[in-house]
Amino acid sequence: MVEVNDMFYACSANDEIANAGEYGGAVTTIMKYLLEEGIVDAVVAVEKSWDLYDAKPILITKPEDVIKSAGSLHCGTLNLAKFVSKYLDGARDMKIAVTCKPCDAMTLRELMKKGKVIEDNVIMIGVNCGGTMPPVPTIKMIKDVYGMDPNDVVKEEIAKGKLIMETKDGEEKGISIEELEEDGMGRRENCQRCIMNIPTNADLALGNWGVIGPLTGKATFVEVCSEKGAEILGKVVDAGLVKTEAPIEKGIEIRAKIDGIMVKQAMKQREVDFAGTSGDILEVFAEYKEEFSRCMKCYGCREACPLCYCDDCCLEAEGPEWVPGGYTPAAPFFHLTRMVHMVDACTNCGQCSEVCPCEIPVAKVWATVNNKVRDVFGYYSGVDNDVPLPFTEFGKKSYQ
Amino acid sequence: MVEIKYVPSICPYCGTGCGINFVVKDGKIVGVEPWKRHPVNEGKVCPKGNFGYQFINHPDRLTTPLIKEDGEFREATWDEALDLVANKLKEVSDEDPNKVGFYACARSPNENIYITQKLARAACGTQNVDHCARICHGPTVAGLANAFGSGASTNGYDSIEEADYIFCIGSNNMEAHPLFGRKIIRAIKNGAKLVVADPRYTPTAKLAHTYLQFKTGTDVALMNGMMKIIIENDLQDDEFIANRTKGFDELKETVMKYDLEKVAEITEADPALIEEIALDYAKAENAAIVYSLGITEHSHGADNVMSTANMAMLTGNLGKIGAGVNPLRGQNNVQGACDMGALPSDYVGYQKVVDEEATKKFSEAYQMDLPTTPGLTLVEMMNAAHAGDLKVLYIHGEDPVLSDADIKHTKESLANLEMLVVQELFMTDTAACADVVLPAAGWGEQYGTFTSGERRVQWLRKAQEPPKGAMLDWKIMEEIAVRMGRPRELFHYESAAEIWEEIRELAPLYYGITHERLLTPEGAHWPCLDPEDPCEPLMHVDKFAHPDGLGIFHALEHLGPVEVPDEEYPLLLTTTRVLFHYHAAMTRRCETLDNEVKTGFIEINTEDAKELGILNEEVVKASSRRGEIEITARVTDDIKKGIVNIPMHFSECAANMLTNSDSFDPKCKMVELKACAIKVEKL
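First to last, the sequence lines map onto chains A and B.
If you read the first sequence in my numbering, its first letter stands for residue 1, the second for the next number, and so on.
If you read the second sequence in my numbering, its first letter stands for residue 1, the second for the next number, and so on.
Keep in mind that the hints are not guaranteed to be accurate.
[What the hints assert, rightly or not] Subject to a maximum C-alpha distance of 25 Å in a straight line, what follows is the list of computed BS3-like cross-link-like pairs (lysine-lysine): (1) 289/A x 206/B; (2) 62/A x 28/B; (3) 143/A x 320/B; (4) 25/B x 86/A; (5) 25/B x 62/A; (6) 48/A x 25/B; (7) 90/B x 320/B; (8) 189/B x 140/A; (9) 140/A x 320/B; (10) 5/B x 86/A; (11) 320/B x 68/A.
I should point out that these hints are in silico values taken from the structure, not numbers from a laboratory.
Between the sequences and the hints, there should be enough to build the whole structure, so can you do that?
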């Protein structure tokens, strides 16, 4: 019997999957099982496209194709929640399982609250994330800083504060991630301030942190985060597809410690990022006015933002013309409007900054305001499932 | 169950060459998502990149060949249309190959363009093949080839991020090449100083540390004046000039005539600023020049281009990262169209028609005796049609009625042909004038390559089937050639990749770019002589591409526009593009882009508008010696007094009703699209 809050070491009972997947292939096995049993119609995951640095979403409907998504891609800087809402109609007419980084899970939670993703139809298989890296700068960094041929790198890993690259010949090189990031390299800037490394807001949270002893490298750590998660894990274990054993106590401590270190680092980064304003909308807007003045109105932030989903967007409304058509830079209202529409739910997923051709640090701006939202309303986007969205509803009165 | 896949490809709008991912749902393109692994744009795109796919499945797509009878189109079978075209081409080219002409499509993949020029040469025996570079960056091809021996950008696009100083003249890249604009933003963040010289205070100018407003068409005077200041202050790079160039004394003699006072008078620019810019450009460690159509689309376009080359050679700003002369090529594949030999003077890879050896090589390869006399350029073909000397014009995906100067003249010319064939996606203004319209497959519906303005050759992937009834361009042309009696094996290919193999075999410049290399997200830059060659984008590192390895200074005098404002037509018209549109047949059929800018406008300075009593958004009459249009006024301080601007995309208020086709650049046959005299009146 698997229950919420249970923790295990887990690995696939199938050798082929155990070898292809990272740390024992439990995620791949669970996904394959869900498809085989018809529990879901499709799996949404990330697939290697051209190379290790090129990730794309994949919609898998055949169990034998799940293996395509095995392994992790540190340059997979996607937000799958957007894929689910934009191209799968929020799983309205299908049941899906989604491999979720914490920010994917957070965003799915927000979209569920807004009715744009149907909670009952979605299983979230969470995977730990210490941050992802932008593909092109990473390739450049591997060449220039690591002195390696990016085509030879077969694996990247973040461990013990270092970003480690491993080549096909087994050569390994690690550099302090703090140093890299001081020089503007390393993880995406939103990842550097992310405090959600273990996706406990998904149904299951998996990852290698805390796996010690004989199973090191051969199994993953699983935390059961919901009833749905407990049921699924119970089924795959009962079916003999995933082997589990109780985690070593010290391993649980190590997992918490790794998370703690990363959160601490991120908190430091947040202080840097949020310095200069109190987080008040007007103050923040004034602070970043010059950056916004470059906006070429590509709508890229809107297109990439998983929380922008309106069929008829008011930014394109013909009248009244708050944001006149055809003029660049876009009127300040463009970003102010978007801010009011999404900032209470913003999950710091970073998609907006990544696609901005004008190098406006939009993700940082929204994170600054979102942080203030948390201070004022006590709402933690993507995590507080029982607290109402501050800009969407007032919530129930307390009669105590 | 729904099927969804991502298919990486390259944007079909400007020459920056950004990567995108098509989203294909159940076999149809339904969206575009970032391709973050792409080296040029890292997943970032402009509005056209985000929404420019929307035309693909538009109901207006042509899906049946059309034949005009008694002034009306009727639907025809492919056999009927192909026979009609082939018979006419054969009849006329048998009589005189100079009586047929071809326009190649600079938006199309290299493989289609290559086959267009092959159809001209290997089926019709004519050298009359050209494309819109003639009225775009023709002056770049001619001007930079004169100066450096190669007519392409000297540096890759990433280079600009390492510049210390950027002199941007006649380029509004934040609208016209937005993802190059992003590299300029990054350069500024890296500490570069940006100077923008333009008659309009553009979104690019708004990024600049220094904005120099000057009068349209006075570029040579401005740069001569700057060079005089540099020489007077002894800031020229003597070593570079001595070791790597020739013609400096003549240059010096000429520029020394351009006193600052005189230059300020010609350009109407602030002399103190001119001096400051000249000194800063010369003093910077790595100074880059960026330009685009603002300097090329003039009757002295090649002179303008050569002036930028003079400036860079004078200060030794060539052959190094962060410097160079960086023309921003217009269409996505206008570089490729030049490269593929869609030029009346050049075969693929710039092998010259006048070179007997080259012509012998291609006569053999194409099994056709070709003349060593270059054919007619685009503008000359149109003029020949007007004069009755050209009988058949085959237009592959261009829209000269909208984009060439003087629409009345263009329409008269087309009407004078015995047959106009247009191969298109949509019923454009030009297609409407055709005798036969052939529906073609478009972007996203075929494999092939584009070559961006930094000479990067990139592989396009097919994401969906063309609409039923439309055919691949190269297959249409194969069928025509065969119907003309040419051997099928000369025109038959199994795939676009097989066409690329023929291009490699015939053009040493691309021999090193194998299909395997093309499949990588990086693609490869030419020149690339060997598959092992790393093909770094930087050119002219140790020597220039002239046979003696030297760069050539050209002493140039200020000429100015052919048609200048007078009492009757007191305003100087310049034409531009807007960020949200490109080839209007495509972008105006993209809902989001159309919604952004639905029609054209004329930008007029606030003071000029006041004198004429014109209010913002008032519909006015604009007229020149060629024609008149009604158009909405956009009253603004962002344009120099005395100058007006009309974007060129909109046929209902077409800028080219007013422009002057009678204004050749003798060096490259450019017409003056960016300067003519007009008047604006209240209705």
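| query | So which of those numbered hints doesn't the model satisfy? | reply | 7 and 11
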